[in-house]
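Student: Listed below, chain by chain, are the residues.
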Amino acid sequence: MLKLVGVTKTLGGQPVLRGVDLVVPQGKLTTIIGRSGEGKSVLLKHMIGLLQPDSGEVWVDNVEISRLRGHALNEVRKRFAMLFQGAALFDSLTVFENVAFPLREKLRLKGADVTTRVEEKLDQVGLAGMGHKFPAELSGGMRKRAGLARALVMQPEIMLFDEPTTGLDPLMAKSIHDLITSMQRKFGFTAVMVSHEIPEIFGISDYVAILKRGKIAAMAEPAEFQRTTDPEIKEFISVGGTLPMASSAKGVL
Amino acid sequence: MNFLEALGRWALFYVAEMGRMLIFVLSAFGWLARPPFRAFQAVKQLHFIGYKSTFVVVLTATFTGMVLALQGYHTLRKFGSEGLLGAAVAVSMIRELGPVLAALMVTARAGSAMTAEIGIMRITEQIDALDTMAVNPLQYLIAPKLIAGLIGVPLLVAIFDVVGIYGGHVVGVELLGVNSGTYWNSIESAVEWKDVYGGILKSISFGLIISWVCCYKGFFTKMSAEGLGNATTEAVVLSSVLILVWDYFLTALLFNL
Chain A
0 MLKLVGVTKT LGGQPVLRGV DLVVPQGKLT TIIGRSGEGK SVLLKHMIGL
50 LQPDSGEVWV DNVEISRLRG HALNEVRKRF AMLFQGAALF DSLTVFENVA
100 FPLREKLRLK GADVTTRVEE KLDQVGLAGM GHKFPAELSG GMRKRAGLAR
150 ALVMQPEIML FDEPTTGLDP LMAKSIHDLI TSMQRKFGFT AVMVSHEIPE
200 IFGISDYVAI LKRGKIAAMA EPAEFQRTTD PEIKEFISVG GTLPMASSAK
250 GVL
Chain B
0 MNFLEALGRW ALFYVAEMGR MLIFVLSAFG WLARPPFRAF QAVKQLHFIG
50 YKSTFVVVLT ATFTGMVLAL QGYHTLRKFG SEGLLGAAVA VSMIRELGPV
100 LAALMVTARA GSAMTAEIGI MRITEQIDAL DTMAVNPLQY LIAPKLIAGL
150 IGVPLLVAIF DVVGIYGGHV VGVELLGVNS GTYWNSIESA VEWKDVYGGI
200 LKSISFGLII SWVCCYKGFF TKMSAEGLGN ATTEAVVLSS VLILVWDYFL
250 TALLFNL
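Line order of the protein sequences matches chains A and B. In case it helps, numbering that gives the first Met the number 0 puts the first sequence at residues 0 to 252. In case it helps, numbering that gives the first Met the number 0 puts the second sequence at residues 0 to 256.
These are computed hints drawn from the structure, not numbers from a lab. Warning: the hint list may mix true and false statements.
[Claimed, not checked] In silico SDA-like links for lysine to any residue, alpha-carbon gap of 20 angstroms or less:
| id | chain 1 | residue 1 | chain 2 | residue 2 |
| --- | --- | --- | --- | --- |
| 1 | A | Lys77 | B | Tyr139 |
| 2 | B | Lys43 | A | Leu92 |
| 3 | A | Lys105 | B | Arg33 |
[Said to hold, decoys possible] Sample of chain B residues with no beta-carbon within 10 angstroms of chain A, all distances over it, derived:
| id | residue |
| --- | --- |
| 4 | Leu3 |
| 5 | Lys51 |
| 6 | Gly197 |
Think of the CB as a built atom: it goes at the ideal place given N, C-alpha and C, for glycine as much as any other residue.
Taking the hints into account, I'd like the entire structure generated from these sequences.
Tutor: Here it is, written out as structure tokens:
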């Protein structure tokens, strides 16, 4: 279980996170939404120890990771994978080598084992036969798919997605969303996604959390947001039109 | 008071920056000692810093040797000492010009590219990606470059020295008519072991300066195109200045004590 308690962070003299409390449900897809510059990506980076909070705690099961360094932090990170906004593929390596990278680095796999696992993942994300290409030769959507393959190849318990559809056309964005949800259902990992895609994310997420003024203003299952009385949240989530929610559920609004 | 405040702020900033730089390089060397050892990465970097700089170093060395011979010949002739041309060229090359000029060429060619490469990796979150995959960026990216600088620059300096001395030979012997035997004999009698190891020591320290400064500036670049441009400029300027300043102190230490 991933849990943040009272996390605060100031960057460049500006307070970004002002006491975030968040419990990420295990085996579910939780999406964090919020205005641009609210610190959603900053929050995500705290979850995997890329940023350390000024105060507060980040718990991964029973390990508090915010003060961990070196080997101890790396051990926790082995349970994670992250898909970055720009996919963060290593541009000096081919797609195949990118996906093979964590297998070779962390599992010390070689030869046929690597090839089998990489090709399987490339096939799952729809990039079969594209392994020889370099990231610069791929479209934005294909880069995201390759990034997703690299993230999934280590079979992580927790996946973090930092605005996975930014810069993509609506059709491509939908196909990436579909891919994320199908992978999440297939492998059952705990997923945390930061997104701007309203209302689409309400249709695919198990839980939605709103980050407002450096705190989690609300977190609930998508259906609950239809009944919200908070005018600011109402305005924010109605920007994209009617919410495409199917299930009814209990929430904390 | 404002002036004092500004001075104090400036001093504190630079002391802190020096501290950060020191921690950076010590951590990278610390990671170097831990497995997995990145031999392939180090060889790849050695190929980039060393082999790919060979052409520019040979070119610079040839013309440096040639111009040294040309200048030296006319000066020495005034005293009837043309026979010392080889010694003048070789000692200047080995003690001073070889290490300094080769290091400056490597800074311009490979150092700037190192900063740009690491800086782009920082901006496009590739360094964060390494972290998330539990691969330490200091170990994977920086330590091999430090090793490559430490090995590559002395080798390039050795090539620079030899090519420069031959460049001097072309001008002094082939064009200006100094006796070839005299040219080589004067080198043999004038160059001491102290000159050679002094040059090697200089080149090792310059190699460290280049990789250290250029990696540091790229690693902590600001997250914008302008920031990366500034980082690259700062890396080249700071490396070059440090090479020249350190050269003075090392020369004073090695040859004048």
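Student: Decide, hint by hint, whether the structure agrees.
Tutor: These are the hints, each one checked on the structure:
As the CA atoms of Lys77 (chain A) and Tyr139 (chain B) are separated by approximately 17 angstroms, the hinted pair is consistent with the 20 angstroms bound. About 13 angstroms separates the Cα atoms of Lys43 (chain B) and Leu92 (chain A), which keeps this hinted pair within 20 angstroms; it holds. Note on Lys105 (chain A) and Arg33 (chain B): the hinted pairing holds, with a Cα-Cα distance of about 15 angstroms set against a maximum of 20 angstroms. With a cut of 10 angstroms on Cβ distances, Leu3 (chain B) stays outside the contact zone with chain A, its closest approach being about 23 angstroms.
Listed as a non-interface residue, Lys51 (chain B) keeps its Cβ farther than 10 angstroms from every Cβ of chain A; the least gap is roughly 15 angstroms. Chain A leaves Gly197 (chain B) outside its interface by the beta-carbon criterion, the shortest separation being 37 angstroms against a cut-off of 10 angstroms.
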